[in-house]
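Asks: Below, each chain spelled out in residue letters.
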Amino acid sequence: MNKKKVTEFIGFALLRLSIAMVGLILIIILYDIISRGAGKISWEFLTTMPKNGMTEGGILPAIVGTFIVTVITAILAVPLGMGCAIYLNEYAKDNLITRIIRMSIRNLSGVPSIVYGLFGVILFVQLMHLGTSILSSGLTLGLMTLPWTITASEEALKNVPNSYREGALALGASKWQTISTNVLPYAVPGMLTGTILGLARAAGETAPILFTGAAFYLPFLPKSLSSQFMALPYHLYIMSTQHHAIDKVRPIAYATALVLIVLVFTINLSAIALRYRLRKRRME
Amino acid sequence: MKNLKERSIHGLFLLNGIFVVTVLLGIFFLLVFTAIPAFREIKLTEFLFSADWNPTSYYKASYGIVAMIVSTFMVTIGALIIAVPIGIGTAAYLSDVASPGVREIAKPVIEILAGIPSVVIGFLGIVLVGPFLAKLFGLNNGLNALNGAILLAVMALPTIISLSEDALKSVPTTYQQASLALGASHWQTLIRIKIPAALSGILAAVMLGMGRAIGETMTVLMATGCAPAMPGSFFDSVRTMTSTIAIELGEVPYNTTHYYALFGIALTLFIITFSINMVSDIILHKQQRLTK
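If you're matching them up, the sequences are chains A and B in order.
For the first sequence, this note's numbering begins at 1 and goes up steadily by one.
For the second sequence, this note's numbering begins at 1 and goes up steadily by one.
Don't read these hints as lab results, they were simulated from the structure.
Here the structure is a predicted model, which is why all the values come from computation and not from measurement.
From the three backbone atoms N, C-alpha and C, an ideal C-beta is built for every residue, glycine too.
Please note that the accuracy of each hint is not assured.
[To be verified] Take a look, some chain A residues computed to stay more than 12 Å from chain B by CB distance:
#1 Thr47
#2 Leu96
#3 Thr98
#4 Ser104
#5 Asn159
#6 Val160
#7 Ala170
#8 Pro219
#9 Ser224
#10 Leu225
[Said to hold, decoys possible] Dumping the calculated DSS-like pairs for lysine-lysine here, alpha-carbon to alpha-carbon at most 30 Å:
#11 Lys158/A with Lys175/A
#12 Lys248/A with Lys40/A
#13 Lys175/A with Lys93/A
#14 Lys107/B with Lys280/A
#15 Lys158/A with Lys286/B
#16 Lys158/A with Lys5/B
#17 Lys248/A with Lys135/B
#18 Lys43/B with Lys4/A
#19 Lys40/A with Lys43/B
#20 Lys169/B with Lys3/A
#21 Lys280/A with Lys158/A
Kindly produce the complete structure, drawing on both the sequences and the hints.
Replies: Now the structure itself:
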């Protein structure tokens, strides 16, 4: 073997080592949480209220809370985000203002989630008098998700070839007819994939709900949109750092982490499956 | 009639666009207006250049954010030292060495890693990384800057990998072919041709990963111990800007100087992350235009 080959061999080995480490990290994370969390999971754990200062019982209110808050997030972020993407990509002229707006939106998707949390405190909790409530939290998460939804939806719209639009317009279709019959049917699956991934991230977020509505311990389900609520990510945070008997509740914390991960993965997998089906359909 | 419908649909989307843009830009202005009252009592020079943060002091409250900024950058840079080589190595493997089968598996693996909620990573910092570090280095507990850096590296990896891979893939194949035709090995082509050609894209990827690490709240809040002092080494407990906000906002009454000062931190954080994102965005788009 000459020197060139040896260097190449060592170099590629290093690259293999890096990807192996990434795989290993994921395996360690999943193994630790599944092996120590699965034992605690039972039908009872998923469907009952926490008891005795959260040292016993289940996590039903946290599951329900996360579900409701994610639905509110989706109601705010999905239509507004998709509409905004359609406007930016189909209607807006490609001038300096549009480009600045597009760049701001992209950069807003990298703004820390806790900054959105503070924004939620001023806008929803204080200025709009919604109080610390499930509605304030949902709206805060919705705002955080908007930039992701817009960027992903625009990406999907851009992938529709221009010839589709031109064909419809040449046949005398109006702008909206063109969009609704020749653009959206091809773009919607891609738009949905990006949006669902954004919602999964929102469902697992803690920082934005810390001060806008998440509650430490509520052994009942949220009664209305203005009540506080328990959420899986916040519950995990409480159970692992703030609880008075941290070691005693560690199994509950592990099981909560497992439920949260399964929830987020299920949402993610549905998005990945959607993309896979879409790609297959395109190839046919 | 048709014209009216068209126009109203156009108007509707326009309104939608204006609404979204107003709200999103409103974030910045609301932050500014809520942070301004803080500086009626706090000198801006004290805020930016003092390392003493003690808003609840009985004698004289002090509001310096230097220690937090140092802590934030310490965990972030620590995270990058770990994540950049692994991330770029993985990206290079995926773009140049891996078989299509491996690539097909790697993509969802990286997406799953990206999808793990930050609070879960923080939890693992407490139960897994913390005890490991304590044992390895003989510390009382493993809740320190190093722990935070390791966790943030895990969180920044997916961003760095997928964007660096995109950058490497967008290098024209003619570059590679020319290099191989001249007798260079695959490795030489990768190191001397492809990575330099994709460097700006890789840099943008690293910066975006850095932006994510700086703004991450839950992991550092849970895993770094959060002692509010100037850190001396990676084995010290640190309190970043994000964790200071997370810890103190829940306890401080609305509309006090302390409350406004926390918004001042958030504004600083916003400006730092927004600038980093903007620079990387500009780099990315310049490169995209060049490769087109």
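Asks: Quick one: work out the minimum CB distance from Val160/A to chain B and report holds if it exceeds 12 Å, violated otherwise.
Replies: Per Cβ check, Val160/A is outside 12 Å of chain B; nearest 17 Å; holds.
Asks: Is it true that the CA of Lys248/A sits at most 30 Å from the CA of Lys40/A?
Replies: Distance ~13 Å between Lys248/A and Lys40/A Cα, so the pair holds.
Asks: Over 12 Å to the closest beta carbon of chain B is the bar; see if Ser104/A clears it.
Replies: Violated: least Cβ distance 7 Å, not greater than 12 Å.
Asks: For Leu225/A, which was marked as not at the interface, is the minimum beta-carbon distance to chain B over 12 Å?
Replies: Non-interface label on Leu225/A holds, nearest chain B Cβ at 20 Å vs cutoff 12 Å.
Asks: Is the hinted pair Lys175/A and Lys93/A satisfied, with a Cα-Cα distance of at most 30 Å?
Replies: holds (14 Å)
Asks: Hey, Lys280/A versus Lys158/A, does the alpha-carbon distance stay inside 30 Å?
Replies: holds (19 Å)
Asks: Confirm or reject the statement that Pro219/A sits farther than 12 Å, beta carbon to beta carbon, from all of chain B.
Replies: It holds; Pro219/A is separated from chain B by about 21 Å at its closest Cβ, greater than 12 Å.
Asks: Run the C-beta distances from Ala170/A to all of chain B and say if the shortest one exceeds 12 Å.
Replies: holds (17 Å)
Asks: Is the claim that Leu96/A lies outside the interface with chain B correct, judged by CB distances over 12 Å?
Replies: holds (14 Å)
Asks: Starting from Lys169/B, check that the Cα of Lys3/A is at most 30 Å away, please.
Replies: holds (28 Å)
Asks: Hey, Lys107/B versus Lys280/A, does the alpha-carbon distance stay inside 30 Å?
Replies: holds (17 Å)
Asks: Lys158/A and Lys286/B were given as a pair; does the straight-line alpha-carbon distance stay at or below 30 Å?
Replies: holds (19 Å)
Against the hints set out earlier in the document, violations occur for numbers 3, 4, 18 and 19.
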